[in-house]
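Participant: Using the hints provided, position chain B relative to the given structure of chain A.
Chain order of the listed sequences is A and B. For the first sequence, the tail end lands on 120 under my numbering, and the numbers increase by one without skipping. For the second sequence, the tail end lands on 263 under my numbering, and the numbers increase by one without skipping.
FYI, nobody ran anything at the bench for these hints, they're computed from the structure. From the three backbone atoms N, C-alpha and C, an ideal C-beta is built for every residue, glycine too. Take these hints with a grain of salt, some might be off.
Claimed, not checked - Just so you have them, the derived chain A footprint on chain B, three or more residues with Cβ under 8 Å:
#1 15 to 24
#2 31 to 37
#3 59 to 68
#4 73 to 87
Claimed, not checked - According to the in silico footprint, chain B covers these stretches of chain A (three or more CB under 8 Å from chain B):
#5 33 to 43
#6 65 to 76
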Amino acid sequence: MSELKTTRAPSAGGTESHGHAVDLNNYIRTCAYVFAAVILATALMIWISFLPEHYTWALKVTLILAVACANAFVVAGFLMHLISEKKMIYTLLAFTVFFFAGLMGLTLYALQDFPTGTTH
Amino acid sequence: MEIPYTVQARPDTGIYNAKVGIWLFLASEVMLFGGLFSAYVLLRVGADRWPHGWLDVRFGTLNTIILALSAITTLLAWAACKVGQFGKFKFFHACTLLLALSFLSVKMYEYHDKWIHYEITLADGTFADGHLVEKSADFDLAKKTGTVTLHGRIVNDENLLYDLRSQKDIKLDEVTVPAANIVKMENYGPWHNTFLAIYFTLTGLHALHILGGSIVIGYLWGPGSKMYKKKPEQFTNRIEVSGLFWHFVDLVWIFLFPVLYLT
Chain A
1 MSELKTTRAP
11 SAGGTESHGH
21 AVDLNNYIRT
31 CAYVFAAVIL
41 ATALMIWISF
51 LPEHYTWALK
61 VTLILAVACA
71 NAFVVAGFLM
81 HLISEKKMIY
91 TLLAFTVFFF
101 AGLMGLTLYA
111 LQDFPTGTTH
Chain B
1 MEIPYTVQAR
11 PDTGIYNAKV
21 GIWLFLASEV
31 MLFGGLFSAY
41 VLLRVGADRW
51 PHGWLDVRFG
61 TLNTIILALS
71 AITTLLAWAA
81 CKVGQFGKFK
91 FFHACTLLLA
101 LSFLSVKMYE
111 YHDKWIHYEI
121 TLADGTFADG
131 HLVEKSADFD
141 LAKKTGTVTL
151 HGRIVNDENL
161 LYDLRSQKDI
171 KLDEVTVPAA
181 NIVKMENYGP
191 WHNTFLAIYF
201 TLTGLHALHI
211 LGGSIVIGYL
221 WGPGSKMYKK
231 KPEQFTNRIE
241 VSGLFWHFVD
251 LVWIFLFPVL
261 YLT
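Chain A with its partners taken away, still in its complex shape (with noise of 0.2 Å):
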């Protein structure tokens, strides 16, 4: 989360930020946006897990996972405010993508180098 502008001062000495000024219901209003979002997302994500057969395993779920992208960049954006933060926060996220890519990558990498049948 980042900076809240108020249009009021707070009743017990809060914070004053600069920039532009945002009430508290128009801060609900973007939120129910975002939750319209997020719900539309799992619907959407449902409604691809239960298409027809002649639609592939893989095709679903890079569609899926396409959807939880989105729908997780939704929240991080806005919820978190990663959308406007500071360059501090996303030299720290640059390092946690570049590690997460790599361990995700190392893992696709020995897809083909792993013993099968782990299920007992």
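Facilitator: Only chain B this time, still in chain A's reference frame:
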């Protein structure tokens, strides 16, 4: 001793210290869950068969809605703090707490549902599968005495128990099995197969995060909220930091739900 930069931004980072701390913590959490997702991929691709339709999508969807709502209320709690509306903060944070407990309740119900679900291998090579109704008073698997009754069905091929999605109109009935006919009896705990092992591991760790977050949110809503009167800005920052953790927990669920319930 005064802890520096609890409110003011540190000049070199541009943000207050707790925020740097929570983001570093979340980065380590990404790697923790990333490792488990990696394990999931390897287990799934390596498995001879993988269950479909074992988890109730309705409960997963319900929990998704609950967690999304709680993410909204925790953000609004912080926003209310920021604009100095302490009453609204209390309301929104109470909502978050209730939603968190609702999430855990649904999860516990799902766990219980698996706990009382049994697969029984019978002496004639068939399989009885269903939810436990009752065990007779003299039921003893080791001594082969008594009977067990399930609400479920008997199938000839165990593979039929694995792909529930492709089967329409599965007929369930009460099935009573004598202990003398039982070769193996096992509930759907984490030991049952690799799917349930990784399911309980992933969702269990996630539920622990929900529980931990709930304790922190409960503290900040209750006794911890006294700080608002003396140090409102520092308190607001605490709400922000706890909110970031909560959103991360929501993010993890956004991937857990499709991976476990839908694919």
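Participant: Determine for every hint whether it applies to the structure shown.
Facilitator: How the hints compare with the structure:
1. Taking a C-beta to C-beta cut-off of 8 Å, the stretch 15 to 24 of chain B contributes 5 residues in contact with chain A, enough for the three needed, and the coverage statement holds.
2. Against chain A, the stretch 31 to 37 of chain B contributes 4 residues with a C-beta closer than 8 Å to a partner C-beta. That satisfies the three-residue criterion, and the hint holds.
3. Here's how the stretch 59 to 68 of chain B fares: 4 of its residues keep a CB closer than 8 Å to some CB of chain A, so the rule of at least three is met and the hint holds.
4. Check on the stretch 73 to 87 of chain B: 11 of its residues sit with their Cβ under 8 Å from a Cβ of chain A, so the three-residue criterion for coverage holds.
5. Only residues whose C-beta sits within less than 8 Å of a C-beta in chain B count toward coverage, and the stretch 33 to 43 of chain A has 5 of them, enough to reach three; the restraint holds.
6. Under a criterion of three residues with beta carbons nearer than 8 Å to beta carbons of chain B, the stated coverage of the stretch 65 to 76 of chain A is upheld, 7 such residues being counted.
Every hint from the earlier list agrees with this structure, and none is contradicted.
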